[in-house]
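S.K.: Protein sequences appear in the order of chains R and W.
Under our numbering, think of the first position of the first sequence as 28, with each following residue one higher.
Under our numbering, think of the first position of the second sequence as 760, with each following residue one higher.
These are computed hints drawn from the structure, not numbers from a lab.
Using N, Cα and C, we set each Cβ at its ideal position, and we do this for glycine too.
Check before you lean on any hint, since a few could be wrong.
Said to hold, decoys possible - BS3-like, lysine-lysine: derived pairs with alpha carbons at most 27 angstroms apart: (1) Lys65(R) - Lys152(R); (2) Lys66(R) - Lys1017(W); (3) Lys769(W) - Lys30(R); (4) Lys71(R) - Lys1017(W); (5) Lys51(R) - Lys1017(W); (6) Lys154(R) - Lys779(W); (7) Lys212(R) - Lys223(R); (8) Lys783(W) - Lys769(W); (9) Lys260(R) - Lys51(R); (10) Lys152(R) - Lys71(R).
Unchecked claim - Facing chain R, from chain W, some residues (calculated, C-beta under 7 angstroms): (11) Tyr772; (12) Asn799; (13) Ala853; (14) Tyr854; (15) Cys858; (16) Phe931; (17) Gln932; (18) Asp933; (19) Gln935; (20) Leu937; (21) Ser970; (22) Val973; (23) Phe976; (24) Phe1021.
Claimed, not checked - Incomplete in silico selection of chain R near chain W, CB under 7 angstroms: (25) Lys65; (26) Ile67; (27) Leu125.
Residue strings, one per chain:
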Amino acid sequence: MAKIELNNIDLTFSIRQTRKITLKEWLVQGIFWNNPAKKIHALKTMSITLQDGDRLGVIGHNGAGKSTLLKLMAGIYPPTNGSRNVEGNICSLCVISLGFEPDASGWDNIRYRAYLQGETPATLKGKIQSIAEFSELGDFLNIPVRYYSAGMLIRLAFSIASAVEPEILLIDEVLAVGDLAFQIKARKRMEQMMSKASLLVTISHDLQAICELCNRAIWIDHGAIRLEGDVRKVVEAYRQCATNSPGLHTAAA
Amino acid sequence: MIGQISLVWKFRYFWLSLVKLDLKTRYRRSILGIGWSLLNPILMTIVFCLLFSTWQQNKDWKSFAPFFLAGLSIWEFIRSSTLSGCQTFFRNEAYIRQCPLPLAIYPLRTVLGTLIHFMIALGVLLLLISVFTEADHWRAVKMIPVIFPSLVLLIIFCWALSVISGFLTVFFQDSQHLLEVFFQIFFFLTPIMYDNQLLVDRHLKLLATGSPVVIFFDLIREPLLSGNAPPLWLFTKGVIVTFAAMLGALAVIRWLEKKLIFHL
């Protein structure tokens, strides 16, 4: 039983115009120091409830808050206001190319990342070989990740991240993974995961793919939900808006 | 709270394997390997012994060498835990951005790394005392069970410091620099190179009795050197200091854990 429940979620970032304040400045100016941070209201009073079987597509212009919403669902950004309630184990394919230990070998990095995803040495034993095989990196797994090319890194990252069987799958902007052959393979693997996961949230600018994969959609505009409901209806409205008034909907705040 | 601890435990393979990696990468390129971290405290002790034996003729260097090494290793453990704690959240930023794990894990990685060095220094110290003690060569070794609870307290204390310095550096970028200055000053105000009595004589009694470092000196250095178990009241003092630091760290975690990601 998987569930994501967001109730009146607000998320505000405070961005500093200049550099960070130092402790010395803070101690000297102390109480007189007025906070020069600029507030950015990234998500505005959103409520979303997702249950088993829901496949949600998230669309909207660049900077609308799609990725932020996904990270909030994954628990990385805590909401400023409102409540987040998630049941079921999550796998998020967002920034998977980050977080390698450059001095460790590919094999070791598979272990760290897998432990980070909640594996234990016992459960990993049966999987590590298939992760390595899927990455097709062969002997390169014995050398430090520092020497990998960007494509090799993303291969390794995807192979590990997709080795779990999550109940909730969060995918940001279906990644262009490696070369053509690997892309085809990755797409297949992703489709498998999507069909197994009981709940899926995906961000994409590929409206065709959204229509095929999802049964629900939300359109986010400047941090707020502009339209939600049946995937075809939302995608059509978004397409109309984007073609009729190009530039208008992308004017970021 | 309990949930957090069980999460830390659940992901133990993650942080333990990172500690192992830290050690491996640090020693991979040197032939001497782990010996390098032996060399530092030994050289320091030799230099200071040579200095002091020529300055103060009455000093018995055979008892001074273990005294200095013991103080120095405890001091170094506290200092390096705090200072490397400063970078802990930056070093692990990629993991923090990927997985919402309890942040207490990352200072744990740092402190366990520095703990290894402390253990090595402690081993050298035990050897030194055993060689230099004429009466009973096994006296220091017999003291290991006595100081063990104090060592556990010291590790918790260092973890707490590293949590606090880690959060401080995320919010104020000059914290590490200020802490370095602080430790530099207190190196001379802490009875590492001289006896506690010196501070009391100079009317600096507060530094001689109030400093948490001195409490750990009395709990770990004294028993090893003298062969006498510390009194219970002193151990109680150690427990209180450790718990105060730990509560401070837990309060900081509770207060800032959810804010950290926005400041990295």
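S.K.: For each hint, tell me whether it holds in the structure or not.
M.R.: Tested hints:
| no. | hint | verdict |
| --- | --- | --- |
| 1 | Lys65(R) - Lys152(R) | violated (48 angstroms) |
| 2 | Lys66(R) - Lys1017(W) | holds (17 angstroms) |
| 3 | Lys769(W) - Lys30(R) | holds (23 angstroms) |
| 4 | Lys71(R) - Lys1017(W) | holds (19 angstroms) |
| 5 | Lys51(R) - Lys1017(W) | holds (25 angstroms) |
| 6 | Lys154(R) - Lys779(W) | holds (22 angstroms) |
| 7 | Lys212(R) - Lys223(R) | holds (17 angstroms) |
| 8 | Lys783(W) - Lys769(W) | holds (24 angstroms) |
| 9 | Lys260(R) - Lys51(R) | violated (56 angstroms) |
| 10 | Lys152(R) - Lys71(R) | violated (44 angstroms) |
| 11 | Tyr772 | holds (4 angstroms) |
| 12 | Asn799 | violated (22 angstroms) |
| 13 | Ala853 | holds (4 angstroms) |
| 14 | Tyr854 | holds (5 angstroms) |
| 15 | Cys858 | holds (6 angstroms) |
| 16 | Phe931 | holds (4 angstroms) |
| 17 | Gln932 | holds (5 angstroms) |
| 18 | Asp933 | holds (4 angstroms) |
| 19 | Gln935 | violated (10 angstroms) |
| 20 | Leu937 | holds (6 angstroms) |
| 21 | Ser970 | violated (22 angstroms) |
| 22 | Val973 | violated (26 angstroms) |
| 23 | Phe976 | violated (28 angstroms) |
| 24 | Phe1021 | holds (6 angstroms) |
| 25 | Lys65 | violated (13 angstroms) |
| 26 | Ile67 | violated (10 angstroms) |
| 27 | Leu125 | holds (4 angstroms) |
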